[in-house]
Structure formats: C-alpha cells, structure tokens
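K.L.:
So you can see what is in the structure, the chains are spelled out below.
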Amino acid sequence: MKTLIVNGFVIDPSQNLESKKDILIEGKKIQGIYPVGEAPSADRTIDASDCIVIPGLVDLHTHLREPGFEYKETIASGTMAAVKGGFTTVCCMPNTKPSNDSESVTEFIMDKARKEGACTVYPIGAVTRGQKGEELTELDAMSKSGCIAFSDDGMPVTNSLIMRRALEYSKIFNVPIIAHCEDPFLAEGGSVNEGFYSTTVGLKGIPKAAEEIMVARDIILCELTGGKLHIAHVSSGGSVRIIREAKARGIAVTAETCPHYFSLTDERLTTYDTNLKVNPPVRTQEDVDAIKEGLRDGTLDIIATDHAPHHSDDKNREFDTAAFGISGLETAFALSLKLVKDGLIDLNYLIKLMCLRPSLIAGISKGTLQPGADADLAIINTEKEYTVDSAKFLSKGKNSPFHSWQLTGKIEHTIAMGKLYNWD
Amino acid sequence: MIKSKDLLGIKELEVEEIYHILETAAGFKDVLKRDIKKVPALRGKTVANLFFEPSTRTRTSFELAAKRLSADVINISVPNSSVVKGETLKDTALTIQALGAEIVIIRHTSAGVPHFLSRESGLSVVNAGDGTNEHPTQALLDAFTIQSHKKKFKGLIVAIVGDIAHSRVARSNIYALIKLGATVRIICPPTLMPSQIEKLNIEVYDSLEKGIKGADVVMALRLQLERQNKGFLPSLDEYFNLYGLTTGKMRLAKSDAIVMHPGPMNRGVEIESKVADGPQSVILEQVTNGLAVRMAILYLLSGVKS
Amino acid sequence: MSKLILDSSDVNRAIRRMAHEIIEKNKGSANICLVGIQKGGVILAKRLAAQIEIIEDTAIEVGTLDITFYRDDLNTKENQPVVNKTDIPCIISNKTLVLVDDVLFTGRSIRAAMDALIDYGRPAYIQLAVLIDRGHRELPIRADYAGKNIPTAFNDLIEVSISEEPDNDRVVIINGQ
Numbered sequence: 001m002k003t004l005i006v007n008g009f010v011i012d013p014s015q016n017l018e019s020k021k022d023i024l025i026e027g028k029k030i031q032g033i034y035p036v037g038e039a040p041s042a043d044r045t046i047d048a049s050d051c052i053v054i055p056g057l058v059d060l061h062t063h064l065r066e067p068g069f070e071y072k073e074t075i076a077s078g079t080m081a082a083v084k085g086g087f088t089t090v091c092c093m094p095n096t097k098p099s100n101d102s103e104s105v106t107e108f109i110m111d112k113a114r115k116e117g118a119c120t121v122y123p124i125g126a127v128t129r130g131q132k133g134e135e136l137t138e139l140d141a142m143s144k145s146g147c148i149a150f151s152d153d154g155m156p157v158t159n160s161l162i163m164r165r166a167l168e169y170s171k172i173f174n175v176p177i178i179a180h181c182e183d184p185f186l187a188e189g190g191s192v193n194e195g196f197y198s199t200t201v202g203l204k205g206i207p208k209a210a211e212e213i214m215v216a217r218d219i220i221l222c223e224l225t226g227g228k229l230h231i232a233h234v235s236s237g238g239s240v241r242i243i244r245e246a247k248a249r250g251i252a253v254t255a256e257t258c259p260h261y262f263s264l265t266d267e268r269l270t271t272y273d274t275n276l277k278v279n280p281p282v283r284t285q286e287d288v289d290a291i292k293e294g295l296r297d298g299t300l301d302i303i304a305t306d307h308a309p310h311h312s313d314d315k316n317r318e319f320d321t322a323a324f325g326i327s328g329l330e331t332a333f334a335l336s337l338k339l340v341k342d343g344l345i346d347l348n349y350l351i352k353l354m355c356l357r358p359s360l361i362a363g364i365s366k367g368t369l370q371p372g373a374d375a376d377l378a379i380i381n382t383e384k385e386y387t388v389d390s391a392k393f394l395s396k397g398k399n400s401p402f403h404s405w406q407l408t409g410k411i412e413h414t415i416a417m418g419k420l421y422n423w424d
Numbered sequence: 001m002i003k004s005k006d007l008l009g010i011k012e013l014e015v016e017e018i019y020h021i022l023e024t025a026a027g028f029k030d031v032l033k034r035d036i037k038k039v040p041a042l043r044g045k046t047v048a049n050l051f052f053e054p055s056t057r058t059r060t061s062f063e064l065a066a067k068r069l070s071a072d073v074i075n076i077s078v079p080n081s082s083v084v085k086g087e088t089l090k091d092t093a094l095t096i097q098a099l100g101a102e103i104v105i106i107r108h109t110s111a112g113v114p115h116f117l118s119r120e121s122g123l124s125v126v127n128a129g130d131g132t133n134e135h136p137t138q139a140l141l142d143a144f145t146i147q148s149h150k151k152k153f154k155g156l157i158v159a160i161v162g163d164i165a166h167s168r169v170a171r172s173n174i175y176a177l178i179k180l181g182a183t184v185r186i187i188c189p190p191t192l193m194p195s196q197i198e199k200l201n202i203e204v205y206d207s208l209e210k211g212i213k214g215a216d217v218v219m220a221l222r223l224q225l226e227r228q229n230k231g232f233l234p235s236l237d238e239y240f241n242l243y244g245l246t247t248g249k250m251r252l253a254k255s256d257a258i259v260m261h262p263g264p265m266n267r268g269v270e271i272e273s274k275v276a277d278g279p280q281s282v283i284l285e286q287v288t289n290g291l292a293v294r295m296a297i298l299y300l301l302s303g304v305k306s
Numbered sequence: 001m002s003k004l005i006l007d008s009s010d011v012n013r014a015i016r017r018m019a020h021e022i023i024e025k026n027k028g029s030a031n032i033c034l035v036g037i038q039k040g041g042v043i044l045a046k047r048l049a050a051q052i053e054i055i056e057d058t059a060i061e062v063g064t065l066d067i068t069f070y071r072d073d074l075n076t077k078e079n080q081p082v083v084n085k086t087d088i089p090c091i092i093s094n095k096t097l098v099l100v101d102d103v104l105f106t107g108r109s110i111r112a113a114m115d116a117l118i119d120y121g122r123p124a125y126i127q128l129a130v131l132i133d134r135g136h137r138e139l140p141i142r143a144d145y146a147g148k149n150i151p152t153a154f155n156d157l158i159e160v161s162i163s164e165e166p167d168n169d170r171v172v173i174i175n176g177q
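Protein chains in written order, with the numbering used here: chain A, 1 to 424; chain B, 1 to 306; chain C, 1 to 177.
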C-alpha cells in the first residue's frame, strides 16, 4: 500500500526541511520526499494543501492507566486520543496497578500496545519496586523488554541515596531517569499552588519550593553521578532558573513542561473546577512567563502532555479529594501552537520541542521524516479554529480545563506506522 | 435584596446585601425577645442540615433558626470517613432534594463543597463552613454584634488573633469587615499565616502587643490543639504567652473595646477566663445574634427564586 | 385615571369620628392600646391616638406591628418583603388592642396581624379600625371602625397619603385597567 501526501508544507527539523513537498509512504515506512508533483504514483493520495506535514508528535509523558485502571483509560483508548491529538508515539508512565516495575508488566504493555494500540507505545519503567522509593527495579531486564526510561512519576523518590543509586546504575543502559520533583513534606495535603489564591479559596497550597528543592537536589545528584536526568513537568519559574543555571555549567540535564503550565494560572481556582487540579499545580502569571522564556531559550527542552485521564467519579467531587491530572493529549498541540501564534518561538522550533527532542531524550528513532523512518506523520491545519469539547475526546478521561476553549490548529490527518486516521 | 439563591461566602456578597441581611436580622432579634419566639414565615419548607464535620454549635443554631421560622428540619450528620468509600457527595445532594428539602445547610472539611452542591442541585445552599474557605454566617453574626455595639464599621480597628491559616472564620470576617469599611489587623505566628494574605488590604502582625494597640474589637480564634503536633507551634504554653488574650494585653486596646470569640473556646490557650467572662466580652451575645442572623438568612434565601 | 375621594378635612373628620366611636364602644380609653400595621397603619394609629388623647385627656399607648413573617403570600413573592420594625409598648395580655390600617381590602393582612399579635400574648379584645373600607373581602373579617366605605373595582388602587401633619392628607382612587 502506497500513500502519497501532496501539496503540504513539510517541516522536519531532523533534516532542516521547511518547504512544500510531497511525501510517499510505503507500508509502515517513509519511502521518500519529493518536490511537489514529482513523486511516483500511489494507491491513495492525501491533499495537504493549507496544511503542515510534520513528524508525528512524540509524548515523553503519558499515563495510559493500563493495567489496573482501565476505567480511566486503556492502551487502546489512550493511543486513540494520542493519534487524534497528532501524537504517534507515547511513552507511558509506570504508575499502573501493578506498577510497571518488572519485565512481565513491561511485556504486557508492549504486547497490548502491539495488538490494540493506535500508535507506538514505549513504556517507562519504575525506578523502584512498587514506586515505593526503596529498592531499585531490574533496569536491565526491563530495558530489554522495551522500557526506554525510568521514573517513579506520581511518587517522588524522596530518599536522596536511592535517587543517587538510580542515576548511577542507569548509566549502564544509558537511559534517562525522569524525575517527578516534589518534596512530599512541603507538599503534604496540598492540592493547588500556594499563594494568594490558595489563601482566598481556602485550599491547602503546595509551595513552589516543594518542586524547586527537588529539582536542585536531582541536578546536584546528576552532577555527582554523571547520570542522565530528565526533569518532568516543570511548573515553576524557580525550577526554570535552577535548570538554566545547571545547563550553563554544562550539566547534562534535560527538562520538560506541559501545555497547562504555560496556558493556565491559579487565578482560575475560584470556581473550584477540579479539572484544574493537577500535580504539580498550575501556578502564577510570573511562572507562566518564566516557563515560556525557558522554552524559548532552550532551558526547557521539550513539551510533554502529562496526559492524566480520570473517570468523572474521581473528578466530579470535593476538590481536596479529587484526583490530580489533566487529559491532555487532544489539546496539547493547539495550546502549544499558541506559543508560535504569540511570536514566542517559530513553528520549526515547536516541532523540535514536540517531535525531535523527545525522541532524542528517549533514545528512540522517532520524530523524523527521513526516508526509511517509521511512517509517523501529522497533517495539521494551523489556521483552523475550533472549540474544545471534552465530551468528544477519544480519551476516556474527559477531565480538561480547556473545555469550551477556542483554539487554533486542527489535526486533519494522522498517520501512525502507516495507518491513516482522518479527523473531521 | 439578595441576588443569589445561595449563601456560599462573603466573597460572593455585595455590601448592600450584607446590610440587608443585618437589617433583617434586627427584625428577628426582636422576635427572639418575645415569649413566643416562633414565626410562620417558612411554614411548609424543609431545611436540611448536612454536616460532614462534627459541630454542635453551628448545627444547633441553624436547626433552631429553621424551627423558629416554622420550617421542618432534617439533620444529616455524616462522619467523613464513611463518605470517602460510600455515597458520593452528589448522591447525597440528590437524595436531599428528593426528600423535598428546599434549603441545605452544609458544613464540610473540603473547601468548595457548597459551590459543588449548588452546581449539582437546584437547592438553596447555605455554607456553614467549608474547609478553610469561608464561614459566612459567623462573619455576618460577628458584623451584627459589632454593629450593635459600635453603630458603625468605618474607622473601626478590628484585630483578629490566632490560627489564621486554618481559619475560615478569619477569612469570612476579613472579607466582610473590609467590605464594610473597617480596618482589619490579623495577628498570628508566621507559621499560621496564610500565603500572601496581606494582599487583601489588611495589616499583618506577629506581635499581639503591637496588633492589639488601639483596637475597637478584638477577636480571638479557636486554636486547634493538634496544631502543636504538626510543628506549627512548640507548645500551647508558649502560644498562650505570645498570643493568649489576657486582661493585661487587653489594656492596650481601646478602653471600650469588645472581645469576641466564635467558640468553642480553649480557655487558657487563646483566651484567659477573666477576659472571656469579663465585662468587655460579647461572646454569649454572639451566640444569640447567630440565631437572629441565621433566621434572616434562611428567610431571605427562601424568597429568592432560582 | 385618578380621582380624589377624601381631602384633608374629610380625613380629619373621619379620624375624629373614629376616635369618638372607639371611646364610646370601649366606655373610655383606660385599657386601650392602638397598634398600627406597617407601613400604612402606623401614622393613622398615631393620629387616632392623638385625637383620643385630646378627647380623654390621657396618654394612649401606640405600637407598630410588622406582619411580614405572617403573610400567606411569602411563597409567591419574587423576593422576600423587607422586614419593618415591630414595637409593642405594653404587655398585651388582657388589653383591648385596636389594630389600625389605612385600607381594608381582602382581609389577609388583618388575618396576619391577628396571628402576629397573638404571638405576643393574649389580648382581651382585638378590634379593627381602618380609614377606608374598599370591599372585596376574602376572609370573614370586618372593621369595627371605618372612616369611609368606598365601593371599588378589584383592580383599582387606593392611595392614602397622610402624615403626622394633618394639612396635606388625601385619599385618591386610581382606576385599574
């Protein structure tokens, strides 16, 4: 089966490509890129006029919830949400039930993804058994089964010695340790950013210091060990500053932020909308500005979604006891495109943030349109406006604070491993 | 005129509405002075008392207020633990509605629950305390009490002493008193000071001596005794030494200052018995006024058509 | 369309006559308390009391009564009526209370007023004095003393403006549509 994408504006930072081209796909691979009108004929043709054609987006931070929380999301529903959002690769976090702390769970996920997944899934293994922060997992066996990184996401590795060991031991396999930076004592019981709004809505706050202290600690341990550290979901301006300083000193740390951290502030909490409840919490305008600057100047390497789908029973309840998380795969690109529309970064750089760099950090051969690469593409109309309707999400998690937002940038088609998805 | 069918917090009230509630409460205070302390204004209405947190005073006050208005009262006390696993909050609300209640009075450990109930049901919701957010009826009865003694709010200095961080009473009082034009000072150890509260245009002190100076009203807050174990304070003795309201400290306030406390008091922790029972204390009056204010609120809300 | 039905002198005459009737019916004014219903009856009660005081040369107790909490239409109103002051100056048990209102219409206010009064005690008698009786009773209630009976259509409006100064009194009927 040959598919030809014609008239699209192709952007692929991996080969410095930014012009109108036709792309031929054969089976699961990209066959070649041609000047417009010069490609050989194919079985079907997609007209990508008015659209950009980019490598499928790569998410380094997804919660697929399977095994154990299938009522929130499954590998099937989560990957469908991914392709709807233009993602063709998702790296799923290990906080499932049981947690992905052994090769058998990794194999289960890999197997399930091959059978039911709409796109490529790479598991992220737990750093410690049961994510309890006590004993290291078998990184060798899990890497061989498919884990591309290790993290106790959702649970911080509180014990500095364990974190040190993880950063040291992971060097054998050259895999990143993805750090969920949160001091559990400072954060205890909190559900929103600590500040003026936590005071006036009466919800317990999580200070920025809870994140920044652990960012600093992990960077210091990274320097000590020479391990590969990736900081997950940076939410505070202070973290950006600490990472910037570390990078200036040549420490090999990478970091991500998520669309909600540059799209939302805690000012919105006055409605007690639990869809705003996320960990780390959305913070202040000052932090939003610092995050944007961090993305612009390269302090923050990538944008990830931290897609955290939840059932309405877990969200439609008291704010204190509602679950943390935002269902983010289906809004991530349009929210990030706003950075381009606002003139902060250019489109090419955004594609780097969402395709190429996440692939490089994960050490996977994705995020590129090079001939021979996997046929993972997104075809996007960057001018088309639409209204977010979370009820229509393909994710089982309808928990989006962006419901009813007017966004620009519509995914028209996604091709994942050669399979074409057309979106209305 | 009351605009909303709910009383969620003082934040949501306009100053005219606060005055209207206070005026109406004055009418009910007269009723409470009669031999027959009951009026038929809410005959045939059902008021549900939904308490997810133990409370005797507020629940009793609301219950009596509703009964004195001739409403029927359902009391539902739900210990928090059983709610976590069992019936969801939403189901509880729908159940109360199905029982035919028009007004629900809710107290909950979690901030925002009254707002949630209001959204999820057609009931008139009265917030009787939600987490550390608000306790609007307490602030209204406090305002009523202050008004009856001081006749005005503008130019008054009101000093609130105690665990501000965990106090919904303090928050509601701050919002109300600021709206009414008083100067609000809060006095507490920095460990019990909520983040950036000074942005509410209040004065912040960590010294009782300084904060109480020249105050017209001194309000002591209840200190939850378990705060000591959580590292907010080294000991209750030290707290009393620094922040306990004593006759000596009261001398720094204006000579005609009144002393208030939302109750229940920890005598010898936040307030000395001599002050609590002394001539400046209006603490029992607050309880009586609470009844009049809650009658006013139930009466006024029952007239708002949603 | 509006029409003047009583002017100042008419009102004064009516008040004088009613004062005499009250004294006559009660064989003096010893045990009487006048209670004006908020808001229309309050000034009329004061005027009646002043008149009785002139005739009897003794002080008459006057109170005001707010009937808001006793109304039977609280459920149908758009917003709760404003609560006015109730001030009953004496212990009403065994007293003769004369309820005073400006206009007697359906009788529902008087029912509410009687319920309210009884919550203050057990008067020996409750009597009713009104300046205008316009008919259309919906309850078995009648006035003991009426300044003037005026036949009206149900939709008509009666506007009574009287003040503590007797010179500017007037009662107007406005035809309803």
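By construction, these hints were calculated from the structure, which means they are not laboratory data. Only a predicted model underlies this, so the values are computations on that prediction, with no experimental measurement involved. Don't be surprised by glycine CBs; every beta carbon is placed ideally from N, CA and C. Please note that a few of the clues may not be correct.
[Claimed, not checked] Okay, the calculated beta carbon distance ranges per label pair:
no., chain 1, residue 1, chain 2, residue 2, range
1, B, P190, A, K171, 40 to 46 Å
2, B, S148, C, T76, 32 to 38 Å
3, C, P81, A, S312, 25 to 31 Å
[As the list claims (entries may be wrong)] Pairs of lysine-lysine residues, derived as DSS-like cross-links and limited to a Cα-Cα distance of at most 27 Å, are as follows:
no., chain 1, residue 1, chain 2, residue 2
4, B, K154, A, K204
5, B, K33, C, K39
6, C, K25, B, K38
7, A, K384, A, K341
8, C, K46, B, K33
9, C, K27, B, K151
10, B, K29, C, K148
11, C, K95, B, K3
12, B, K37, C, K95
13, A, K20, A, K341
14, B, K33, C, K3
15, C, K39, B, K38
16, B, K38, C, K3
17, A, K132, B, K33
18, B, K3, B, K179
19, B, K29, B, K230
20, B, K151, B, K37
21, C, K95, B, K29
22, A, K338, A, K384
23, B, K154, C, K85
24, B, K151, B, K249
25, C, K85, B, K179
26, B, K90, A, K204
27, B, K90, B, K199
[To be verified] So these bits of chain B aren't anywhere near chain A, every CB distance computed over 10 Å:
no., residue
28, L94
29, P189
30, R227
31, G248
32, A276
K.L.:
Now, for every hint given, state plainly whether the structure supports it.
P.N.:
Now the hints, each set against the structure:
One distance hint, 40 to 46 Å for the beta-carbon pair P190 of chain B and K171 of chain A, holds here, with the actual separation near 44 Å. Remark: the range hint 32 to 38 Å for S148 of chain B to T76 of chain C is upheld by a beta-carbon distance near 33 Å. A C-beta distance of roughly 42 Å is found between P81 of chain C and S312 of chain A, which places it outside the suggested range of 25 to 31 Å. Taking the CA atoms of K154 of chain B and K204 of chain A, the gap is about 32 Å. The hint is violated against a cut of 27 Å.
Restraint check for K33 of chain B and K39 of chain C: satisfied, since their Cα atoms lie roughly 22 Å apart, inside the 27 Å limit. Of the supplied pair hints, the one linking K25 of chain C and K38 of chain B is violated, its CA atoms being roughly 33 Å apart against a limit of 27 Å. With a C-alpha separation of about 12 Å, the suggested pair K384 of chain A and K341 of chain A falls inside the 27 Å cut-off, and the hint holds. Taken as a hint, the K46 of chain C and K33 of chain B pair is honoured in the structure, with Cα atoms around 24 Å apart against an allowance of 27 Å.
Of the pairs offered as hints, the one joining K27 of chain C and K151 of chain B is violated, with about 45 Å between alpha carbons and a cut-off of 27 Å exceeded. For the hint pairing K29 of chain B with K148 of chain C, the CA-to-CA distance comes to about 37 Å; that exceeds 27 Å, so the pair is violated. Using a Cα cut-off of 27 Å, the hinted pair K95 of chain C and K3 of chain B is violated, with the two alpha carbons roughly 42 Å apart. Restraint check: the Cα-Cα separation between K37 of chain B and K95 of chain C comes to about 21 Å, which is no more than 27 Å; the hinted pair holds.
With a CA separation close to 21 Å, the supplied pair K20 of chain A and K341 of chain A stays within the 27 Å bound. Of the supplied pair hints, the one linking K33 of chain B and K3 of chain C is violated, its CA atoms being roughly 45 Å apart against a limit of 27 Å. The suggested pairing of K39 of chain C with K38 of chain B holds, with an alpha-carbon distance near 22 Å, which does not exceed 27 Å. Using a Cα cut-off of 27 Å, the hinted pair K38 of chain B and K3 of chain C is violated, with the two alpha carbons roughly 43 Å apart.
Note on K132 of chain A and K33 of chain B: the hinted pairing is violated, with a Cα-Cα distance of about 63 Å set against a maximum of 27 Å. A threshold of 27 Å between alpha carbons decides the hint, and for K3 of chain B with K179 of chain B the separation of about 17 Å falls inside it, so the pair holds. A hinted pair counts as satisfied when its Cα atoms are at most 27 Å apart, and K29 of chain B with K230 of chain B does not qualify at roughly 41 Å. The suggested pairing of K151 of chain B with K37 of chain B holds, with an alpha-carbon distance near 26 Å, which does not exceed 27 Å.
Taken as a hint, the K95 of chain C and K29 of chain B pair is honoured in the structure, with Cα atoms around 25 Å apart against an allowance of 27 Å. Of the supplied pair hints, the one linking K338 of chain A and K384 of chain A holds, its CA atoms being roughly 12 Å apart against a limit of 27 Å. Between K154 of chain B and K85 of chain C, the direct Cα distance comes to roughly 25 Å. Compliance with the 27 Å bound is thereby established for this hinted pair. For the given pair, K151 of chain B sits about 25 Å from K249 of chain B by alpha-carbon distance, which is consistent with the 27 Å threshold.
Distance check on the hinted pair: K85 of chain C and K179 of chain B sit about 26 Å apart at the alpha-carbon level, within 27 Å; holds. Of the pairs offered as hints, the one joining K90 of chain B and K204 of chain A holds, with about 23 Å between alpha carbons and a cut-off of 27 Å not exceeded. For the given pair, K90 of chain B sits about 34 Å from K199 of chain B by alpha-carbon distance, which is inconsistent with the 27 Å threshold. Residue placement check: L94 of chain B keeps its beta carbon more than 10 Å from all beta carbons of chain A (closest about 13 Å).
Distance check on P189 of chain B: its Cβ is at least 16 Å (rounded) from any Cβ of chain A, clearing the 10 Å threshold; non-interface status holds. Against chain A, the non-interface label of R227 of chain B holds: every CB pair exceeds 10 Å, the least being about 14 Å. The non-interface label for G248 of chain B is consistent with chain A: the shortest C-beta to C-beta separation is roughly 32 Å, beyond 10 Å. The Cβ of A276 of chain B sits about 27 Å from the closest Cβ of chain A, beyond the 10 Å cut-off, so the non-interface label holds.
When the structure is compared with the earlier hints, violations turn up for hints 3, 4, 6, 9, 10, 11, 14, 16, 17, 19, 27 and for no others.
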